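Novice: Residue strings, one per chain:
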Amino acid sequence: MEGIAKKEIIKQLQEKILVLEGFKKAVSARNDLDFGLRAMEDAFPCRVFPTGVIHEFISPTAASATASNGFIAGLLSTLMKKEKPCLWVSSKRSLYPPALELFGIAPHQIIFVDVTGDKEALWVMEQSLNCRVLSAVVAELGDVSFAESQRLQLVVERSGVTGFIHRKRPRRVTPLACVSRWRIRHAMSYTPDNLPGVGHPVWEVHLEKIRNGKPGKWHWGWWGGQFVHLCPDKLSQSISPKRERYA
Amino acid sequence: MHKRFLSLWFPFFATDRIVKHHPHLQDIPFVLSGPERGRTMIKAANKIANREGVFVGMVLADAQAILPQLHVLPEEPDATENVLNSLAQWCLRFTPIVAIEPPDGLLLDISGCPHLWGGEHPYLDDLMDRLHKGGYEVRAAIADTIGCAWAIARHGQHRIVVPTGAQEEALITLPPTALRLEPAVVERLHKLGFHTIGQFIHIAPGTLRRRFGSTFTARLGQALGTVFETLQPIQPLKSYQEHLPCLEPICTATGIKIALQRLLELLCNTLAKEGKGMRRGIFKGYRIDGNVQQISIGTSRASHSPTHLFRLFELQIPTIEPALGIELFVLEALLVEDINEAQETLWESRGDSTEIAELMDNIVAKIGINTIHRYLPAAHHWPERAIRDRISSDMHLQTTWPTQNLRPLHLLPHPEPIEVMVPLPDYPPILFRHRKKIYKLVKVDGPERIEQEWWITNGKPRDYYRVEDESGARYWLFRSGHYSDDSAPEWFIHGFFA
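Here the protein sequences line up with chains A and B, keeping their order.
Here the numbering used here = 1-based position in the first sequence + 180.
Here the numbering used here = 1-based position in the second sequence + 25.
What the hints contain is simulated information worked out from the structure, not anything from laboratory work.
Keep in mind that the hints are not guaranteed to be accurate.
[To be verified] With a Cα cut of at most 25 Å, we get these calculated DSS-like pairs of lysine-lysine:
#	chain 1	residue 1	chain 2	residue 2
1	B	Lys45	B	Lys158
2	B	Lys301	B	Lys282
3	B	Lys462	A	Lys272
4	A	Lys394	A	Lys196
5	A	Lys299	A	Lys272
6	A	Lys272	B	Lys461
7	B	Lys391	A	Lys299
8	B	Lys391	A	Lys272
9	A	Lys186	A	Lys389
10	A	Lys394	A	Lys191
11	A	Lys389	A	Lys191
12	B	Lys158	B	Lys72
[Unchecked claim] Some chain B residues well away from chain A (every beta-carbon gap over 10 Å; in silico):
#	residue
13	Lys28
14	Pro93
15	Val108
16	Asn110
17	Gln319
18	Lys391
19	Ser512
Only a predicted model underlies this, so the values are computations on that prediction, with no experimental measurement involved.
Virtual Cβ for every residue (Gly too), placed ideally from N, Cα, C.
Make the full structure from the sequences, and use the hints.
Specialist: Written as structure tokens, this is what we have:
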């Protein structure tokens with residue numbers, strides 16, 4: 181009996197700490213949005229994907245940038261379910277809107293802002309994070325300093341909009357004030373029963389850092405309009421593909 | 026908008042005004058006289074006097090010789106002008122733009138008004154009947170130009186409506202005086218045998234200008250509608266402007282911000298009361314040394330929210346140079362539009378669209394107009410043409426987004442050439458080289474052939490392949506054109522799949 185009471189007290193205290201650390205949404209709006217990331221729930225504080233905070237994605241190559249954007253698009257599809265528009269800031273945008281349809285996002289609901297440099301991108305991001313009617317703000321940029329990320333974190337703590345900083349080919353990987361740092365890489369696509377051809381997209385999701393959570397590595401695929409977790413045994417099949425023979 | 030003007034002329038204005046005050050004068054000939062160059066001249070004569078041969082401009086002694094029973098009263102130019110003014114005020118019920126043409130005319134810009142009376146004829150009749158009942162002899166004409174209406178009212182038929190574009194036909198029978206010319210020019214015209222406008226209307230303007238001066242051709246152009254002419258309305262069009270004079274010159278940014286806030290509050294109050302909003306605004310600071318500093322903003326939607334407008338102006342405040350100090354601030358709304366309370370759903374969403382519009386305004390004010398894009402599907406298969414920029418917020422989704430063919434999440438702005446190794450013609454590649462790097466491909470899908478649209482451009486078709494390399498990265502490659510004997514087709518990389 182005493183043990184249960186103790187646990188309860190510890191849980192309450194933990195939640196209080198989370199609120200102080202800026203995880204307001206994680207505590208209050210639990211189970212509000214289902215991202216379908218059940219297999220990695222243990223990694224997140226309170227077992228909920230943190231919203232109303234800033235996530236950082238790092239991609240060193242153009243191919244991994246596409247993978248990161250794919251993963252972000254998967255997250256956006258849940259965030260945009262409330263039919264709020266999303267803002268996409270980028271300095272050298274190559275995102276092709278029609279492809280977002282695959283991720284259940286209506287491409288016309290995304291407002292693209294094309295800027296010329298990182299400074300402008302950060303300014304636009306800070307302004308738009310202030311706007312509560314947006315579902316999320318994605319910024320594709322190069323380098324961000326710690327102080328700049330702190331500013332953004334302060335803004336989202338007030339407004340509760342989720343932000344994604346996608347750093348493409350950063351010169352240095354410096355620690356930021358964001359709650360998480362992700363690296364998304366391509367993995368062999370998944371085809372059921374090893375059918376030939378390019379299958380559903382699969383990514384190796386590496387959660388390098390998460391505040392109050394446990395970092396880890398997972399394989400996620402995307403089909404049927406949701407994230408699908410790929411267990412290692414499923415992967416072993418697709419990871420060693422046979423070179424297809426022609427002629 | 027197409028302009029229409031109405032010219033009113035009161036031939037016996039001064040005398041009609043006297044008759045209104047002294048009804049017993051109605052049936053006797055009388056004139057108003059005043060001194061001019063040491064003589065007493067007739068300044069106005071009533072209709073009966075006119076019929077007896079007494080005209081304006083005669084010496085009073087001559088007139089009395091012709092008509093001994095002539096009644097003479099002193100002229101009162103100030104009182105006459107006052108009455109003309111009040112008549113112009115009264116005419117405001119017919120159109121908001123009324124101008125005075127002293128000593129005895131009015132000019133009305135009636136564009137867009139007569140349909141409320143059921144057309145120009147009923148409009149004219151109503152106006153004239155009311156003036157007649159008021160005791161004034163009046164002549165009027167409606168035309169496309171001020172000059173033409175003026176000429177017809179004074180020299181043409183009575184109560185005439187000149188159809189749109191028919192100024193020339195209406196003018197040709199009139200004498201040259203109808204063009205509002207100086208007496209000397211009119212005299213010269215008569216001397217040369219030009220007794221109607223029709224006699225010289227077709228002479229080249231250059232020739233006319235050499236003979237009669239540029240005023241003459243300008244007047245002719247104003248009557249025909251080739252030269253623009255403005256009128257001075259008695260009630261100026263309402264401008265949305267606020268002034269803030271300062272006791273002490275302001276030289277700090279904080280001071281400028283406070284001034285701007287105060288002016289915005291005043292202006293937004295007026296705008297809000299009238300259900301209007303600012304689209305373009307200008308904020309000026311008059312410096313002590315006579316220089317004027319100004320900043321201007323534009324909004325994507327009419328707005329009367331002081332905080333939002335302030336944020337737009339605020340971005341530019343650092344560009345103001347106060348120097349020794351600014352003594353007067355002026356805020357003016359250059360373009361004002363009605364605020365539609367029931368705005369269409371801008372983003373087809375539940376989100377508050379005004380907040381987004383304000384955010385867009387902020388971004389546009391800071392980094393420029395061509396930075397914000399939203400896309401709609403276009404009915405083209407060619408990837409570069411499959412989307413179109415949604416230019417205005419009221420463009421709506423007409424076709425759905427295509428879903429049958431997979432498209433890459435990243436599309437290169439221009440396809441980049443690659444070298445490929447293909448085992449056999451018309452087979453997918455097994456490796457490709459892009460920017461000196463070799464990618465071995467293990468999975469391939471395709472091809473998907475996309476033809477050029479011949480009604481837009483000619484070109485080779487593209488065969489697209491979705492490929493995946495050993496690391497799992499997925500690419501979109503295409504072969505441009507077909508295999509043929511004389512040339513090998515070129516290969517390109519066009520995008521990346523997620």
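Novice: For this structure, which hints from the list above don't hold up?
Specialist: 9, 18
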